[in-house]
Amino acid sequence: MGNLIDVLIKLSIATVILYFVIKILSKGFDKITDMIVAMDKEKNRKLIYLIVGILLVLPFLLSRYPYILRTSIMAIMYVVLALSLNFVLGFAGQLSMGHAAFYGIGAYVTALLMVNFNVPFLLAFIASAIVAGIFGFLLGVPTLRLKGDYLAITTIGFGEILRLVLVNWVEVTRGPAGIPGIPSPSFFGFTINNNIGYYYIILLLAFFTVFVSNRLLNSRLGQGFIAVRDDEIAAEAMGINSTYLKILAFVLGAAIAGMAGSFFATFVHYVNPDNFTYMESVTILCMVVLGGLGSIPGVILGAIVLTVLPEALRGIALYRYAIYGLLLILMMINRPGGMINMDRLKGGRKDENSRGSRSNKVLRRSYSSR
Amino acid sequence: MFLEQLSNGIALGSLYALTAVGYTMVYGIIRLINFAHGDIYMMGAFFTYTAIVYFNLPLVPSFIIGMACAALLGVLIAKFAYTPVFKAPKINLFLCAIGMAIFLENFAMLLWGPETQSFPTIIQNQIYTFGGLKFTKLQAVILLISIFLALVLSYIVKKTKIGRAMRCASQDMVAARLMGINTNKIVFITFALGSALGAAAGTLVAMYYKAVYPMMGFSAGLKAFVAAVIGGIGSITGAMFGGLIMGVVESLGAAYISSGYRDAIAFIILIIILLFKPTGLFGKTVKEKV
Amino acid sequence: MLEVKDLDVFYGGIHALKGINFEINEGEIVTLIGSNGAGKTTILNVISGVVKQKNGDVIFQNEKINNLTTEKIVELGIIHVPEGRRIFTALNVEENLLMGAYLRNDKKEIQEDLENVYELFPRLRERRTQMGGTLSGGEQQMLAIGRALMSKPRLLMLDEPSMGLAPIIVQEIYETIEKLNEERNLTVLLVEQNANLALQVAHQAYVIETGEIVLQGTGRELLGDDRVRKAYLGEE
Amino acid sequence: MKILEAVGVTKSFGGLTAVDNVDFHIEEGEIVSIIGPNGAGKTTFFNLITGVYEPTKGVIKFLDKDIHNLKPYEITSRGISRTFQNIRLFSSMTVFENIMIGQYCKTKANILNVIFKTKNAIKEQEEAREKVEKIIKFLELDSVANEIATSLPYGVQRKVEIGRALATEPKLLLLDEPAAGMNSQEKVEMQALIRKIRDQGYTVLLIEHDMKLVMGISDRVAVLDYGNKIAEGKPHEIQRNERVISAYLGKEVG
Amino acid sequence: SSGGSENTNASSDGDIVIAHAGPMTGDSAQFGDMKNKAIQLAIDEVNEKGGINGKKVVLLTGDDTSNPKEAPNVAQKFAQDDRVLAVIGHWNSSCTLAARGIYNAAGIPLLADSVNKALTDGTTPTAYRISLTDTTQAQSLAKYAYEKLGKRRAAILYTANDFGTGLMEDFGKAFEELGGEIVATETYFEGQSKDFSPQLTKIKGTNPDLLFIAGYYVETALIAQQSKELGLDVQMLGTEGISSEELIKLGGDAVEGIIFAGFFHPDIEYPGTREFVEAFRERYGKDPDTYAALAYDSAKLILAAIEQNGASREGIMKFLDEVEDFPGVAGPISFDENHDVVRNIVVLTVKDGKIVPAAEQAD
Ligand SMILES: Nc1ncnc2c1ncn2[C@@H]1O[C@H](COP(=O)(O)OP(=O)(O)OP(=O)(O)O)[C@@H](O)[C@H]1O
Ligand SMILES: Nc1ncnc2c1ncn2[C@@H]1O[C@H](COP(=O)(O)OP(=O)(O)OP(=O)(O)O)[C@@H](O)[C@H]1O
Ligand SMILES: [Mg+2]
Ligand SMILES: [Mg+2]
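Protein chains in written order, with this note's numbering: chain U, 1 to 370; chain L, 1 to 290; chain R, 1 to 236; chain H, 1 to 254; chain E, 1 to 363.
Rather than coming from a laboratory, the hints here were simulated on the basis of the structure.
Some hints here could point you the wrong way.
Within a straight-line C-alpha distance of at most 25 angstroms, the following computed DSS-like cross-link-like pairs (lysine-lysine) qualify [to be verified]:
| no. | chain 1 | residue 1 | chain 2 | residue 2 |
| --- | --- | --- | --- | --- |
| 1 | R | K64 | L | K159 |
| 2 | U | K31 | L | K87 |
| 3 | U | K27 | L | K87 |
| 4 | R | K72 | L | K79 |
| 5 | R | K72 | L | K87 |
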C-alpha cells in the first residue's frame with residue numbers, strides 16, 4: 001500500500017497527458033476527415049496511390065528494424081481482423097463479441113491441414129475461409145432472434161465454447177499445448193521464409209479486404225446494411241430482407257477473419273487456444289469502435305493505433321494496461337464517434353443541443369434490447 | 001453423489017447469484033452491461049482485505065468500509081467515466097466499461113501486487129445437513145444474503161418511488177427530468193448501491209475461497225453476466241434464479257459430462273434458453289409498437 | 001410570470017432562434033404558432049432547460065432560471081409536455097401518470113387528480129395496466145397530457161397537443177385547457193399547428209418564422225389578420 | 001379491379017382485440033381513408049396489411065393473391081408500401097439516401113456483382129439514382145436532399161417518408177397520418193400532393209384525423225371503432241352518420 | 001506490499017544487457033514478478049562488485065502477459081536489440097513455444113524454465129531449459145508415489161494448460177506402467193476456476209488412495225481446502241508448480257502433509273543457497289520459490305558465461321554447451337545434448353506450516 005501515492009501520481013500524470021494528446025490528435029483527425037470528405041475523385045485516387053506506394057516500399061526501409069517490421073505485419077493483420085468485424089458491427093450493427101473465434105477457426109484449420117496432411121498453403125487458406133464462413137453462418141442464425149446485449153452474450157458464449165473445444169479436444173487440436181511446427185507458406189515451390197514475404201502476403205489480404213469493404217459500402221447492399229442498422233422495421237417495410245443481410249455480414253466477416261487466422265498460423269508457426277480468447281475479441285472490438293464504427297479509414301487507423309500503442313508503451317511495463325484502459329475511457333468521452341467518423345461529419349449539425357432524443361433512440365435500438 | 005453435487009451447485013450458484021444481482025440492477029437502470037462490475041467486486045474485496053490486514057480492523061467494520069469504499073468508487077466511475085458518455089451511442093458506453101475493467105484490474109495489480117493474497121479465515125466452517133443437502137455455514141450465509149438482497153432490491157425497484165424513478169431514467173433520461181427527477185442523482189444512487197452490492201459479493205467470495213487477487217473479477221464478472229442474462233437481464237429475481245441455475249448446471253455438467261467443458265455447458269444452457277426465450281427466463285418482452 | 005429575453009439558440013451552425021422576446025402573465029393562455037421548423041419547440045426546450053441557449057435569459061417570477069437543471073425548473077412548477085410525447089414505454093398507464101406526480105407527496109390529492117385525469121380521458125382508464133409503449137398514437141398523446149396534469153403545474157407548456165388526436169378528443173382537450181385556465185388560474189404556453197383552434201383560446205399569440213417573432217397580438221386579432229389567414233389557416 | 005381485399009380480418013393482443021372481423025377492399029386508382037377514434041385499430045390494420053403483424057384470423061389478398069403470411073419485405077416487393085405514424089427515417093442517412101433505400105427492392109445486384117462492379121450493377125444503380133432524383137423533384141425536396149433526414153422539421157420528414165415509399169414503386173400506397181403536425185396551410189399542400197400522387201396512377205389508402213383533408217380528398221371513407229368497422233361510404237354520407245359523429249367527429253364537424 | 005519492479009534501468013552504451021521475458025501483468029503475473037526479482041538480485045550482486053570487466057550489467061524486462069500472441073512481439077523486440085546477449089524466459093510453455101523461433105533466428109540464447117517437452121525438440125538450438133521437462137517430473141513423481149508411498153489408485157486433477165495436460169498424460173502413463181490404476185481424471189482452468197467441488201465429489205466417488213494435482217499453488221491450496229470440506233481424505237501429491245510459501249498462506253491446515261516435487265528448497269543446501277535465500281528475504285521480505293531460484297541460477301549462468309567468454313551471444317551458448325556441474329543454488333547444473341538440464345527432483349512436504357524436504361527422497 002505504501003506505493004498508493006506513487007501509483008496515483010503516475011496515473012494522474014498519464015491521464016492528463018493522454019487527455020491533451022487526444023485533444024490535439026482530435027484536431028488532426030477532424031482535418032483528415034474533412035479532407036477525405038472534401039476530396040474529389042482525382043485527388044482521392046492520387047492519395048491512395050501514394051499510400052499504396054509507401055506501403056509497398058516500407059519493408060525495404062525497415063529491413064534494419066525487424067521489430068518494427070514485425071509490428072507492422074501484426075498491425076496490418078489487425079487491420080484485416082478489425083475490418084472483418086466491421087462487416088458485422090459497423091455495417092449490420094450486430095454487436096458480436098466472439099469474433100476471435102473465427103480467427104481461431106481459420107488458424108486451426110490451416111495448422112491442422114498443413115501439419116497433419118501437408119496441404120499446400122493456398123488450399124489451407126481457402127479451406128480456412130470456408131470453414132470460418134460456415135461457422136459465421138451458424139452464429140448468424142441465432143442473431144435473427146436476439147438483439148443487443150443478448151446477442152453480445154451469445155457471441156461471447158460461442159467464442160468461449162469454441163476455445164474450450166480447442167482446449168479439450170486433445171486428439172485433434174493437441175489441447176492447450178497447441179500446435180507447433182506449422183510450415184511456412186509456399187507458392188508454386190517458392191517458400192516464404194522472411195518477414196518481408198509475410199508482409200506482402202498480409203498486405204495483399206488487407207488490400208483485398210479494404211476493396212471488398214469499400215465496394216460493398218458504396219453499393220445497394222451497403223446502403224441496405226445501414227438501413228437495417230438504423231431501423232430494422234422501417235428497412236423491412238422498404239423491401240429489405242434483413243435476415244439475408246445480417247447473415248451475409250456474419251459470413252463475410254467470419255470468412256475474412258478466418259483468412260487472417262490462416263495467415264497468423266503460418267506466420268507464428270504455432271497456434272494455441274490462448275491466442276483466441278475473449279480478450280482478443282474485445283481488442284478487435286475496441287479497434288473498430290475507437291477507429292470509427294463503420295468508417296473504413298477509421299477502422300484501419302484504430303487497428304494500427306491499438307496494435308502499435310501497446311508496443312510503444314512496453315517501456316512503461318507495469319503501467320501499460322492501466323494506461324490502455326484509461327485511453328479507451330478518455331477516447332470514448334472526448335471522441336465518441338471514433339477517430340475518423342464520416343457519419344459524424346455528414347450529420348455535422350449534431351452538437352450538445354442535438355436532436356439527441358431521436359438519434360439516440362435509434363442507436364439504442366440497434367445495440368440494446370428495448 | 002447426485003445430492004452432493006446438487007449442494008455443490010447450489011453453493012456455487014448462490015455466489016453467482018450474489019454477483020449477478022448487483023450486475024443486473026445497474027443494467028436495469030442505465031441499460032449498461034457494466035463490464036467493470038466484476039472489477040468493482042474485486043476492488044471491494046481488496047478494500048475489506050486492506051482494512052483487515054493493514055489496519056487490523058475486525059470483520060464487520062471492515063466489511064462496511066469495503067462496501068462504502070466500493071460505493072464511492074462506483075459513484076466516481078459513474079461521474080467521471082460513464083455520465084460523460086451517456087449521450088453518445090450505446091456502444092461507446094460499453095467500451096468505456098471495458099476500458100474501466102482493464103484499468104481497475106491493472107490498478108489493483110499496481111497497488112496490491114499481482115499475487116494471490118490469502119484472505120484471513122474468519123467464519124469457521126461448520127457443516128449443516130438439510131434433507132440430504134450439505135452446506136457449510138458460510139455457504140448458508142451467502143445463500144441467505146443473496147436471497148435477502150434480491151428481495152429487498154426487487155422491492156425497491158418495483159414498489160418505491162425511487163425505484164420507479166430509476167426505471168424512468170432507464171427509459172428516457174430527458175423525459176424523466178421533465179418529471180422533476182434528478183437523473184444524475186438516480187444514476188449515482190444506482191451505482192453506489194450496485195457497487196456496494198458488488199463489494200459485498202466480492203468480500204464474501206474472497207472469504208469463501210480465502211483468496212483475493214486482481215484478476216478475480218474477470219471471470220466472476222463474466223459468469224455473473226451470464227447468470228443475469230439467463231434470468232432475463234434487468235430482472236432481479238431473474239438474476240437470482242439465473243445464478244442458481246448456472247451453479248447447478250455447471251456442477252452437474254462437470255460431474256456427469258466433463259469437467260473440461262464445464263464452462264461451455266453454462267454457455268450452451270444460456271444459448272438454448274435464449275433461443276427459446278430471447279429475453280431470458282424472467283425478462284419482459286417489450287415489443288416495439290409500430 | 002415568465003419572461004423570455006433576447007433568446008439565441010444554435011444547433012451546430014444553424015441559428016435556430018434569433019433574439020426571441022416575449023412574456024406571459026399569470027393566468028394567461030399564450031400560443032406560439034408558425035410553420036414547420038420555425039423554432040417553436042426550441043423555445044419550449046430552452047424554457048424547460050432541455051436545450052441551452054447561447055444568449056438571452058429566461059426569467060420566471062423575477063428570477064433567472066437560465067442555469068437551472070431541468071428537474072429544478074420542473075420543481076418551480078413549469079411543466080413541459082414534449083414533442084413526440086415521450087411517455088415511458090415500459091411503464092404502464094397508471095405508473096406513467098403517477099410519475100407525473102413524482103414531486104408531490106399529498107397521497108390523497110394525487111388519487112383525486114388521477115380520477116380527474118381518467119374522467120377527462122376515459123380511454124386511459126380502460127388501458128390502465130397496458131404498457132405505455134403499446135398504446136396507439138392518440139392514446140399516448142392523452143397519456144402525456146394527463147401525466148403533465150398530474151404534476152399540478154403552474155405553467156403548463158404543451159407542444160402540439162392536438163397532433164394525432166381524433167377531432168372529438170381535440171375539442172375535449174381544448175375545453176379542458178380553457179377550464180383549467182379559468183377555474184384553477186393555470187397559465188398555459190401552447191405550441192400548435194392547428195392555428196385556428198389555438199388562436200380561439202389564446203389571450204396572447206405570437207407568430208414565429210425562422211427563429212424570429214414576426215407578428216404578435218391577441219388571439220382574436222391574429223385570427224382576423226390577413227397574413228395569418230393566408231399562411232396558417234389555409235384560406236385562399 | 002379490387003387491388004386489395006381483406007376478409008374477416010382480426011387481430012388480438014392478449015385479451016385485447018385491436019381489429020375485429022373487418023371486411024375491407026380498395027379498387028385500383030381510388031383514394032380511400034380510414035378514420036376512427038384513437039386506438040380504434042387503424043394503424044394495426046396497416047400493420048396487418050404490410051406483414052408487421054400476422055392476423056389472428058382472416059385473409060388479406062393483394063391482386064388476388066393471399067399475402068397474410070408473407071414477410072414485410074416480400075409484401076413491399078409485391079407492391080405495397082407505407083409511411084409510419086411515428087416517423088421512422090434512417091437516422092444516419094441523408095434525404096437522398098433515405099429515398100434511395102426505397103429503390104433497394106427494385107435493384108438486383110448480389111454480393112458478387114457488387115464486388116466486381118459488373119455492368120448491370122452499375123447500370124441499375126444509375127437508373128435508380130435517376131428515379132430518386134425524379135421523386136425528389138416531384139416532392140420539391142431538392143433543397144434538403146443532402147441533409148441528414150432526421151434533423152429536418154417534422155413536416156419535411158413526412159414528405160421524405162412519402163418519397164421513400166414512392167421509391168419502392170408501389171401499386172398501393174399506405175399513408176398513416178401524413179398531415180399530423182402540419183399547420184392548415186401545409187395540410188392544404190399535403191392534400192394537393194396526395195392527389196397528385198394518385199393522378200400519377202397510384203392507389204392510396206390513408207389514415208388521417210384531419211377531417212377537412214379526409215373529406216376533401218377521399219373517394220370513400222371507412223370508420224373503425226374498437227376494432228369494428230362501424231361505417232363505410234362516401235365522405236358526405238359519413239359526415240352525417242350518427243354513430244360516427246358520436247364516436248369520433250364530435251359536434252362541430254358534424 | 002510489492003508493486004512489482006521497475007522495468008528498465010537506464011542503460012548506457014557499453015553496458016552488458018540481459019533480458020527477462022515473462023508475465024508481468026495478467027493472470028500469472030505473480031510468477032513473472034518472482035523471477036524478475038531473483039534476476040535483479042543476481043545482477044545487482046555482480047554490479048556491487050564492480051560489474052563484469054568494469055561494465056555494468058543491466059536487465060531488460062519484457063511483459064508477455066502469459067499470452068502467446070504477445071510473446072513473439074517481446075521476442076522480436078529483444079532480437080532486434082543487438083545489446084541483448086541472452087534471454088531468460090518465458091514462464092508459460094505456450095509463450096516459449098510461440099517465441100522460440102524468433103530467438104533462434106536471431107541467434108540469442110534462451111534460458112527457459114517452461115516444462116513442455118516440445119520446447120527442446122531440436123528445431124531451435126539456441127533454446128536451453130533449466131527446469132525438468134514435464135515428462136521427467138511426472139515419471140519421477142509416479143515412481144515415487146508407487147514405490148515409496150505405496151499408492152495404487154490415483155486420481156488426477158489437472159489444470160487445462162500445456163503444463164497440466166503434459167503432467168497428467170505422462171504421470172498417468174508412468175503410473176499405469178508401474179502397475180497402478182488411474183481411477184479418475186478431471187480438469188479445471190488456471191486462474192479462472194475457483195470451485196472444484198463437482199470434480200472432487202466425483203473423485204471421491206471413485207475411492208482413490210492418491211490425489212495427484214497437476215497445477216499451481218493457488219488452485220492446489222483451494223483444492224486441498226475443498227476436498228477437506230467435502231470429506232475427501234486422501235494423500236495429495238503436487239508438482240513443482242506449488243513449491244511456494246504462498247501455498248501455505250493460502251491453504252492453511254488443509255495442505256498439511258501434501259507431498260510435491262521441487263527443484264529447490266532452502267534447506268537442501270548447495271554452495272550459495274543460504275546466501276541467496278537470506279539476500280532475497282532481506283530485500284523482498286519473502287522466501288524465494290523454485291522459479292526464483294531457477295531464475296537466479298539462470299542469471300548466474302549467463303553472467304558467468306560472459307565473464308568467461310566475453311560479451312557475445314555465441315560465447316554464452318558455448319559456455320552453456322560446455323558447462324558441467326555449475327554451482328547453482330538449486331543444485332549443480334549441466335545440459336544434455338537436447339539442451340535439457342540434468343538434475344533430479346527433490347521431494348517436499350508441508351509439515352507444521354512449513355515446507356520441508358520429505359523424509360524419503362526420490363532416487
Ligand atoms: N437537434 C437538432 N439538430 C439540428 N437542427 C435542429 C435540431 N433541432 C431543431 N433543429 C432545427 O432548428 C429549427 C427549429 O426547430 P424546431 O423543432 O424548434 O421547430 P418547430 O417550430 O417546433 O417545428 P415543428 O413544427 O416541425 O415542430 C429547424 O430548422 C430545425 O431543423
Ligand atoms: N403491440 C401491441 N400490444 C398490445 N396492444 C396494442 C399493440 N398495438 C396496438 N395495441 C392496442 O390496439 C389498439 C389499436 O391500436 P392502433 O395503433 O391500431 O390504433 P389507431 O387506430 O392507429 O389509433 P391512433 O389514431 O391513436 O393512432 C390500441 O388500443 C392499442 O393500445
Ligand atoms: Mg416542434
Ligand atoms: Mg395510429
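Now for the hints, and whether the structure bears them out:
1. With a C-alpha separation of about 37 angstroms, the suggested pair K64 (chain R) and K159 (chain L) falls outside the 25 angstroms cut-off, and the hint is violated.
2. With a C-alpha separation of about 24 angstroms, the suggested pair K31 (chain U) and K87 (chain L) falls inside the 25 angstroms cut-off, and the hint holds.
3. Note on K27 (chain U) and K87 (chain L): the hinted pairing holds, with a Cα-Cα distance of about 21 angstroms set against a maximum of 25 angstroms.
4. Taking the CA atoms of K72 (chain R) and K79 (chain L), the gap is about 20 angstroms. The hint holds against a cut of 25 angstroms.
5. Simply put, K72 (chain R) and K87 (chain L) have alpha-carbon atoms about 20 angstroms apart, close enough for the 25 angstroms limit, and the pair holds.
Going through the hint list in order, the structure does not satisfy hint 1, though it satisfies all others.
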